[in-house]
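Okay, here's what each chain looks like letter by letter:
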Amino acid sequence: MLNLFLSEAFKLRYKLRSWLGPLLILILVLIAFPLSIDISQYDLNKFYFSVIVVALLMISFLATESIFSEDYEDGSLEQLYLKEKDFYKVVFAKILTYVFFIGVPMALIGSIFSIANGISLQEAPKIFIILATSTLILFNVFTFGSALSVNKGSMLGVLVSLPLVLPVIVLLGRAVRTVQYGEDFFEVLTLMLGVGLIVTAIMPIIVSATLKTHLE
Amino acid sequence: MQLITANNLGYSINEKRLFHNLTFSLESGCGLHIKGGNASGKSTLIRMLLGLTSPSKGNIEYCKPSLQIAYLGHKNAIKHYLTPMQNLELIFQPSELQNAVTWMHSLELTKVQDEITANLSFGQQKKLALIRILANPSDLIILDEPFVGLDNLSRDLLSKFLQKQLLLGTSLILTSHIDPDLNCSELILSENNNA
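Chains as they are written, first to last, in our numbering: chain A, 1071 to 1286; chain B, 17 to 211.
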């Protein structure tokens, strides 16, 4: 299992476009949005979180789009199947590596930008935890989408899976509200962590079956 | 000892029957050369033996579940954005890497070991992919057209390696339009689709 994590990390290290690209786009969106409107006319603090949430959704979408396509096209997926006899561990390792290298930095960037928009330093770690948990769920769901159409260009499958993440967005919005207005944060966080753990355990099973079908 | 037994294998795709009632077995230390024209089902048969494709009919039995299989198909399974050396680091454990590097020297890839693999010729990429087989101890080697793109020197090297592995007790299944010059049984997939 550790070898699978290390292999994925090794590949990502040399695929700058795959991990640095989404992070740079996230920063660009978060900087460009306030510049594109006349801030003095609006109370930006009230809706900037919506921008962070939507940006997180779109960038997660972008980051996972090619999670399997390269391995599928160059034959590495067949080799992994022969070595591991199953895709569960491969998928699990891939998702967690992507969350670690792309999702967690995304959450960090999101929480830093939230400080710039009225969240206190003490509250920022809460925002970070919420966003990191969200990326875990989003990456899992979008990975399923990517696997669905791995042989036809993964974007189609990721688009199909988009409605599945809408409840996550609602939950994320609710969690952010608890931080903004000092409501019971841990209640929502526990719910999000629960969903995250269930999705992380179950999604690799579904994705494995999908990938195996494509190999046939 | 029988390593693999295939019983009454059949495969159809889109109403087209590729082969049917295919029965054969392979013993340890023996080779099997699958022959046939284009689209006769050679690669499909290989994928069935690997468990990647399910047969429409029949079944395949393996003598042991933990059979170590080294396989190279049409796709090279190498990363084009990495150098050959980095590809080997990705494929092999640190303890196996030295053996892989030795094969890289034998296949004359040392001079391009720090170039991006995408810049290598087709033959050089094929040789790099073959190191996965050459430096990987296994019970069974399965190769789909392994000689395509190789120069004479590399072809001889691969033939000698495979011959040596057969003598050491490793089994071999391959498809090739180029005569491999190996001591193998032949399985011919004809248009009638009977072996």
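Source of the hints: derived by calculation from the structure; they are not laboratory data. Treat each hint with caution, since some may be false.
What the hints assert, rightly or not - Listed below are several chain B residues computed to face chain A (Cβ distance under 8 Å; list not exhaustive):
| # | residue |
| --- | --- |
| 1 | T69 |
| 2 | S70 |
| 3 | K73 |
| 4 | I76 |
| 5 | K80 |
| 6 | L83 |
| 7 | I85 |
| 8 | Y87 |
| 9 | G89 |
| 10 | A93 |
| 11 | L98 |
| 12 | M101 |
| 13 | Q102 |
| 14 | I204 |
| 15 | S206 |
Claimed, not checked - Simulated pairs of lysine-lysine, DSS-like, Cα-Cα distance not exceeding 25 Å:
| # | chain 1 | residue 1 | chain 2 | residue 2 |
| --- | --- | --- | --- | --- |
| 16 | A | K1222 | B | K73 |
| 17 | B | K80 | A | K1085 |
| 18 | B | K127 | A | K1155 |
| 19 | B | K127 | A | K1081 |
| 20 | B | K80 | A | K1153 |
| 21 | A | K1222 | A | K1081 |
| 22 | A | K1159 | B | K127 |
| 23 | B | K176 | A | K1282 |
The beta-carbon is built from N, C-alpha and C at its ideal position, and this holds for glycine as well.
Structure-based check of all given hints:
1. T69: holds (5 Å)
2. S70: holds (6 Å)
3. K73: violated (15 Å)
4. I76: violated (15 Å)
5. K80: Cβ of K80(B) sits 13 Å from chain A, so the hint is violated.
6. L83: Since chain A brings no Cβ nearer than about 10 Å to L83(B), farther than 8 Å, the hint is violated.
7. I85: Holds, because the Cβ-Cβ distance from I85(B) to chain A comes to roughly 6 Å (cut-off 8 Å).
8. Y87: holds (6 Å)
9. G89: Where the cut-off is 8 Å and the nearest Cβ of chain A is about 6 Å from G89(B), the hint holds.
10. A93: Holds, because the Cβ-Cβ distance from A93(B) to chain A comes to roughly 4 Å (cut-off 8 Å).
11. L98: Since the shortest Cβ distance to chain A is 6 Å, the answer is holds.
12. M101: For M101(B), the interface hint is violated, since the closest Cβ of chain A sits about 12 Å away, which is over 8 Å.
13. Q102: Holds: closest Cβ of chain A sits about 7 Å from Q102(B), inside 8 Å.
14. I204: Violated: closest Cβ of chain A sits about 25 Å from I204(B), beyond 8 Å.
15. S206: violated (25 Å)
16. K1222(A) to K73(B): With Cα atoms ~28 Å apart, K1222(A) and K73(B) exceed 25 Å; violated.
17. K80(B) to K1085(A): violated (39 Å)
18. K127(B) to K1155(A): violated (35 Å)
19. K127(B) to K1081(A): holds (23 Å)
20. K80(B) to K1153(A): Measuring from Cα to Cα gives roughly 15 Å; hence the hint holds.
21. K1222(A) to K1081(A): holds (23 Å)
22. K1159(A) to K127(B): Not satisfied, since the Cα-Cα distance of roughly 36 Å exceeds 25 Å.
23. K176(B) to K1282(A): Violated - the C-alpha atoms of K1282(A) and K176(B) are around 35 Å apart, more than 25 Å.
In summary, the numbered hints that this structure violates are 3, 4, 5, 6, 12, 14, 15, 16, 17, 18, 22 and 23.
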